[in-house]
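**Student:** Below are the chains, spelled out letter by letter.
Protein chains: 4
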Amino acid sequence: MTLIDELILETRDFARRREWLAFHTPKNLAMAIAGEAGELASELRWLTPEEASPEHLSEERRRDVSWEMADVFIFLLRLSDVLGVDLAAATREKMTFNEERFPVIRGNDASNDPR
Amino acid sequence: MTLIDELILETRDFARRREWLAFHTPKNLAMAIAGEAGELASELRWLTPEEASPEHLSEERRRDVSWEMADVFIFLLRLSDVLGVDLAAATREKMTFNEERFPVIRGNDASNDPR
Amino acid sequence: MTLIDELILETRDFARRREWLAFHTPKNLAMAIAGEAGELASELRWLTPEEASPEHLSEERRRDVSWEMADVFIFLLRLSDVLGVDLAAATREKMTFNEERFPVIRGNDASNDPR
Amino acid sequence: MTLIDELILETRDFARRREWLAFHTPKNLAMAIAGEAGELASELRWLTPEEASPEHLSEERRRDVSWEMADVFIFLLRLSDVLGVDLAAATREKMTFNEERFPVIRGNDASNDPR
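Going down the list, the sequences are from chains A, B, C and D.
Take 713 as the starting number for the first sequence in the working numbering and just add one per residue.
Take 713 as the starting number for the second sequence in the working numbering and just add one per residue.
Take 713 as the starting number for the third sequence in the working numbering and just add one per residue.
Take 713 as the starting number for the fourth sequence in the working numbering and just add one per residue.
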């Protein structure tokens with residue numbers, strides 16, 4: 713069993729024991745993911761880029777950020793479970809698609825600009 | 713190596729080959745996660761709960777949703793990599809924290825209400 | 713002076729008196745808008761569509777929702793101010809654009825389906 | 713009639729003529745606001761703070777940003793209409809609340825730090 717499958721079972725069990733499975737519809741979970749992504753953004757919004765850099769982020773803030781990341785991931789795992797989506801496979805499919813959409817250009821940095 | 717570690721290496725390599733690593737600051741990645749979470753919400757916003765249910769979601773929509781989930785996950789993996797966060801460990805820490813915050817109540821459904 | 717202009721002055725003054733203007737860069741404000749939009753989504757995520765309907769939403773929840781809406785609007789006003797964007801004019805421009813993108817179809821509801 | 717009231721009527725009429733009012737439930741509109749806030753964040757995510765500054769933002773990007781702001785505002789107006797929320801009054805209520813929560817400190821900048 714992969715680590716993602718293990719975490720899906722653990723998060724499902726957490727919700728099941730609280731009788732929360734009925735709340736975990738696809739729409740509600742998408743709202744929860746947006747909510748937690750918003751909280752993650754809020755953690756970093758007023759920091760300068762330097763303050764938010766890996767080198768300067770305080771240990772306490774780094775822990776808070778990691779827990780907001782966990783919240784996003786928990787609801788992403790729940791949505792994977794509810795919709796029967798293989799998250800790792802979908803991620804690799806999307807990267808294969810992106811490989812074609814954003815070809816690697818050598819010797820011409822401007823063409824690689826994601827903006 | 714865990715599946716999450718494998719995916720971290722693959723997404724890092726994808727960005728590295730395009731010379732995108734410099735764009736992947738914590739603030740920018742948090743904005744990207746919020747952006748992709750918004751696109752995920754947009755996929756489902758106008759569907760009724762029944763239309764968005766696992767049983768009724770069309771195969772095409774389910775694929776589109778899985779790709780938006782992949783986009784959220786890709787930037788979550790990138791942020792884990794940049795900040796040196798162990799996403800699985802953070803997820804289990806957060807669930808342990810939530811175990812205390814939301815104790816399982818037996819025979820009293822109202823107390824388990826997440827709302 | 714329009715009501716929107718009045719509110720822009722009031723929110724700017726609020727930030728100025730706290731010496732927060734320097735934090736209000738376009739990127740930071742976009743993160744703040746995403747953060748507050750996430751909190752708004754979180755208010756309603758676990759409610760059923762009926763519970764969240766105008767008829768059934770509790771007075772307390774309606775107040776909480778209106779304050780999250782206010783937070784989104786406050787940062788939208790701040791971003792309008794910082795970028796010199798006329799929010800009402802931009803809104804009418806976007807609706808004019810949308811008029812062409814989504815023409816009104818009579819007698820054929822399916823073509824009006826936003827999904 | 714205030715400018716906000718005028719815009720509420722215009723956005724309602726836009727939706728009514730397309731028979732979209734039934735889609736505009738509070739939950740769906742909250743998802744739409746999160747979706748458009750995500751698109752706004754996406755416009756600026758890969759720019760440096762300097763590139764995204766009012767002085768350096770290109771005219772084309774500024775227009776794109778203003779249209780994403782308009783999309784957030786349109787759905788905020790729709791939600792105000794559907795829930796019968798007076799957005800300007802709620803904004804002033806929230807600022808009055810924030811006045812107490814974040815008192816203005818003179819001669820002690822650290823205490824005004826929003827982070």
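Derived from the structure by calculation, the hints contain no laboratory data.
Treat the hints with care, as some may be off.
To be verified - Interface residues of chain D toward chain C, partial, derived using beta-carbon atoms under 10 Å: (1) I716; (2) T723; (3) F726; (4) A782; (5) G796; (6) K806; (7) P815.
Said to hold, decoys possible - Among the chain D residues that face chain A by a calculated CB cut under 10 Å, a handful are: (8) K739; (9) A749; (10) G750; (11) W758; (12) L759; (13) E763; (14) P766; (15) M807; (16) P826.
C-beta atoms are modelled at their ideal positions from N, C-alpha and C, and glycine is treated no differently.
**Student:** Report holds or violated for the interface hint on D/L759, using the least CB-CB distance to chain A and a cut-off of 10 Å.
**Tutor:** With a minimum Cβ separation of about 6 Å from chain A (threshold 10 Å), the hint on D/L759 holds.
**Student:** Using the nearest Cβ pair, does D/P815 come within less than 10 Å of chain C?
**Tutor:** With a closest approach of 9 Å, the D/P815 hint holds.
**Student:** Tell me if D/P826 is really an interface residue toward chain A, meaning its C-beta lies closer than 10 Å to one of theirs.
**Tutor:** Holds - the Cβ of D/P826 comes within 10 Å of chain A, reaching about 5 Å at its closest.
**Student:** Is the interface hint for D/A782 satisfied, with its Cβ closer than 10 Å to some Cβ of chain C?
**Tutor:** 4 Å, holds
**Student:** Is the interface hint satisfied for D/M807? The criterion is a beta-carbon contact with chain A at less than 10 Å.
**Tutor:** Interface hint status for D/M807: violated (18 Å vs cutoff 10 Å).
**Student:** Checking hints one by one. Is D/G750 an interface residue toward chain A, by the C-beta closer than 10 Å rule?
**Tutor:** 7 Å, holds
**Student:** With a cut-off of 10 Å on the beta carbons, see whether D/I716 makes it to chain C.
**Tutor:** 5 Å, holds
**Student:** Have a go at the D/W758 hint: is there a Cβ in chain A nearer than 10 Å to its own Cβ?
**Tutor:** 5 Å, holds
**Student:** Would the hint on D/T723 stand, with a C-beta cut-off of 10 Å toward chain C?
**Tutor:** Holds, about 7 Å.
**Student:** Identify whether the interface hint at D/E763 stands, where standing means a beta carbon of chain A within less than 10 Å of its own.
**Tutor:** Holds, about 8 Å.
**Student:** Quick check on the hint: D/G796 CB to chain C CB, less than 10 Å?
**Tutor:** This interface hint holds because 7 Å falls under the 10 Å limit.
**Student:** Let me know if the C-beta of D/F726 comes in closer than 10 Å to any C-beta of chain C, holds or violated.
**Tutor:** Where the cut-off is 10 Å and the nearest Cβ of chain C is about 6 Å from D/F726, the hint holds.
Hint check: violations occur at hints 14 and 15; the rest are consistent with the structure.
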